[in-house]
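Fit chain B with the ligands to the known structure of chain A by using the hints.
2 protein chains.
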Amino acid sequence: MVNNISVEKAATSKIHNVDFDNLSFGNTFTDHMLVCDYENGAWNSPKIVPYGPIALEPSSKIFHYGQSIFEGMKAYKDEADGVWLFRPLENWKRLNKSAKRLAIPELPESHFMDGLTSLLRLEKDWIPKNPGSSLYVRPFMFASGTGFHASPADKYKFIIALAPSGAYFSGKVKVKIEETYSRAANGGVGYAKAGGNYAGQFYPTQLAVEEGYHQVIWTDDNNHEFIEEAGAMNVFVRINDTLITAPTNDRILDGITRKSILDIAQAEGIPAEVRKISVKEVVEAAKNGSLQEMFGAGTAAVVSPIAAFGYKGVDYELPEIQNSYASQLKKRITDIQYNRAEDSFGWRFKVS
Amino acid sequence: MVNNISVEKAATSKIHNVDFDNLSFGNTFTDHMLVCDYENGAWNSPKIVPYGPIALEPSSKIFHYGQSIFEGMKAYKDEADGVWLFRPLENWKRLNKSAKRLAIPELPESHFMDGLTSLLRLEKDWIPKNPGSSLYVRPFMFASGTGFHASPADKYKFIIALAPSGAYFSGKVKVKIEETYSRAANGGVGYAKAGGNYAGQFYPTQLAVEEGYHQVIWTDDNNHEFIEEAGAMNVFVRINDTLITAPTNDRILDGITRKSILDIAQAEGIPAEVRKISVKEVVEAAKNGSLQEMFGAGTAAVVSPIAAFGYKGVDYELPEIQNSYASQLKKRITDIQYNRAEDSFGWRFKVS
Ligand SMILES: Cc1ncc(COP(=O)(O)O)c(C=O)c1O
Ligand SMILES: Cc1ncc(COP(=O)(O)O)c(C=O)c1O
Chain A
1 MVNNISVEKA ATSKIHNVDF DNLSFGNTFT DHMLVCDYEN GAWNSPKIVP
51 YGPIALEPSS KIFHYGQSIF EGMKAYKDEA DGVWLFRPLE NWKRLNKSAK
101 RLAIPELPES HFMDGLTSLL RLEKDWIPKN PGSSLYVRPF MFASGTGFHA
151 SPADKYKFII ALAPSGAYFS GKVKVKIEET YSRAANGGVG YAKAGGNYAG
201 QFYPTQLAVE EGYHQVIWTD DNNHEFIEEA GAMNVFVRIN DTLITAPTND
251 RILDGITRKS ILDIAQAEGI PAEVRKISVK EVVEAAKNGS LQEMFGAGTA
301 AVVSPIAAFG YKGVDYELPE IQNSYASQLK KRITDIQYNR AEDSFGWRFK
351 VS
Chain B
1 MVNNISVEKA ATSKIHNVDF DNLSFGNTFT DHMLVCDYEN GAWNSPKIVP
51 YGPIALEPSS KIFHYGQSIF EGMKAYKDEA DGVWLFRPLE NWKRLNKSAK
101 RLAIPELPES HFMDGLTSLL RLEKDWIPKN PGSSLYVRPF MFASGTGFHA
151 SPADKYKFII ALAPSGAYFS GKVKVKIEET YSRAANGGVG YAKAGGNYAG
201 QFYPTQLAVE EGYHQVIWTD DNNHEFIEEA GAMNVFVRIN DTLITAPTND
251 RILDGITRKS ILDIAQAEGI PAEVRKISVK EVVEAAKNGS LQEMFGAGTA
301 AVVSPIAAFG YKGVDYELPE IQNSYASQLK KRITDIQYNR AEDSFGWRFK
351 VS
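Chains as they are written, first to last, in the working numbering: chain A, 1 to 352; chain B, 1 to 352.
None of these hints come from the bench; they were simulated from the model. Incorrect hints may have been included.
It does not matter which identical chain is used: a pair holds within one copy or between any two.
Each computed DSS-like pair below joins lysine-lysine, with the alpha-carbon atoms no more than 25 Å apart [said to hold, decoys possible]: (1) K14 with K155; (2) K100 with K155; (3) K100 with K312; (4) K350 with K9; (5) K350 with K47; (6) K129 with K331; (7) K287 with K276.
With the rest of the complex left out, here is chain A (with noise of 0.2 Å):
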């Protein structure tokens, strides 16, 4: 337990600026932010400040030597007003892998839940209630400590930072099986959410949209043979109505909404494999009609149909599909998230 989070206000609130009806993903911030410092071997205890510019000194190592990881929540908001997490444990967990990864000092769990339904409740007022709103809650942590050599800092910041935001995709998505480039190597970062993740796949990705696609699907790094990750999603296929995603290795991220989705499946009587799931045997797929869905899933996502996928300049269309797993358990999910159904996972946990 983290005793009396200082809190400093903001003097003004930005709120009434912003037009919560047209929503981007993540470009809005709320009025304050919590902030942490890992100094002298301890975490200090989290405060509360008006959100704003951090100061780093130009030898900091976040600048050269990419100690930098983050987390991706979402708050939600139910009809009553109630403020709700998703398996928020999940992410501290996951924050604290990541951390170990990056030989970062890892984060006690009062510091990371207290600090979040501290900030949480009060910016409450900037949770969205439109349909496919949510607040954005993106905790990150990164090394202040300073120096030119390659070793890790001596100082470190945990900020929690909150973007009322829209849908992160709009339209159908389409997506490119990768043969050239890689995400992860084995033995690698790939399975924690380090910032350097991310900047690799840009260049790959911008490939892609030129090519007329909206992300790349990540393969193996060896042969590019197995089918891995989307940019920021797992990857689920529907082939002969058996829902199917790849086993989470040192390459992929453990996403919290894919586990959730498995259990899910479950519960729904879904068939579910989790295996390797090669190019080879989804093309085929395609070409013989027994692929009947892909899909992405993340929690900034959430659940995201794709609509058709290219590999070696080829465009394979998905059908249009009633009744289609990816609706269904799109709908299961965010029901729980926003408390609208019970949920008989205890994964809703209440802020306010």
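Just chain B with the ligands now, kept in the frame of chain A:
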């Protein structure tokens, strides 16, 4: 040509507080830095300003998506107080190679070269003359643009900071040949000087340090079969009097020291091969006595002899050797860098 780089002078100099006889590596910074902003699709003119904190929005993409790259150079002072750089255009070219892979806008040559030389002329009193010391030059570039959307930023900062520094390693270097973790993926960003490549090395390096080593020698991520490079150095071995180093590829940084050493070896009649080096070959050569030397090569570490390597829990000591290639090559390269000998390669660049 960048016209009139504006200079905002520091009110006072810190130079008299610095003990130039006891410099560590990369912890002391000069009075000024070069700053250059990218916005509205173009790089502004670089400016020289007092060295000091940089203020960034919490949603700046550097904190979230790892768009950060850097370079490492040194400025050298000769007996007559002449100031020199070593192959600076190679650093500029590599910076832009890194930039491209990380979807960061490339920097014009004049911004880099005019900015660098102007800054060095202003700060030339900071270049140490003590043997083994130099002014470490750190150009770096990162995403300052904002937003919680995993996509390239629209604003960037390019900065050059200077750090008078002593030796990078003190004493003998003992390395561990890595069998579990990896530095880079095929098709990834290993060949770029991207921040994220370094953070990913820290944890495996800490494990190696706990076992008594200083550095990890990275191997390919498929089977850990071939030797690639070390933390901030390329690696050379000498077996049966032949100098061998791995070919560069998309997992290995194309080191300027490495390629200079290959050219020097040729000029000095040292037989050299650029080819894959299997761990097996090195271990066998160590066992049968044909492994005569191993050393790392890089701007920071110059040429650093390796005294022993560990593999699968066994340590292999390298012999103490007279007339080592390491010392011969180090002498020749540093004689060129410090303007102590003729530079038949045309590598030295006069700053003032
Ligand atoms: C690379 C990657 N994969 C998958 C996901 C989905 O994970 P989660 O469902 O926990 O948001 C994310 C986003 O968080 C991600 O960044
Ligand atoms: C990963 C890595 N390899 C090799 C090198 C050596 O390159 P250079 O000789 O250009 O300094 C460096 C340092 O710059 C490096 O960071």
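Comparing the hints with the structure gives:
In this homomeric assembly, K14 and K155 come within 25 Å of each other (Cα to Cα) only across copies, at 24 Å, whereas the closest approach inside a single copy is 31 Å. Proximity of K100 and K155 under a CA criterion of 25 Å is satisfied intra-copy only: 15 Å inside one chain copy versus 30 Å between copies. Proximity of K100 and K312 under a CA criterion of 25 Å is satisfied inter-copy only: 23 Å between copies versus 38 Å inside one chain copy. Proximity of K350 and K9 under a CA criterion of 25 Å is satisfied intra-copy only: 24 Å inside one chain copy versus 54 Å between copies.
In this homomeric assembly, K350 and K47 come within 25 Å of each other (Cα to Cα) only inside a single copy, at 22 Å, whereas the closest approach across copies is 51 Å. Only within a single protomer do K129 and K331 lie at most 25 Å apart by alpha-carbon distance; the minimum there is 17 Å, versus 69 Å between protomers. Taking CA atoms no more than 25 Å apart as the test, K287 paired with K276 passes inside one copy only; the shortest distance there is 19 Å, against 41 Å between copies.
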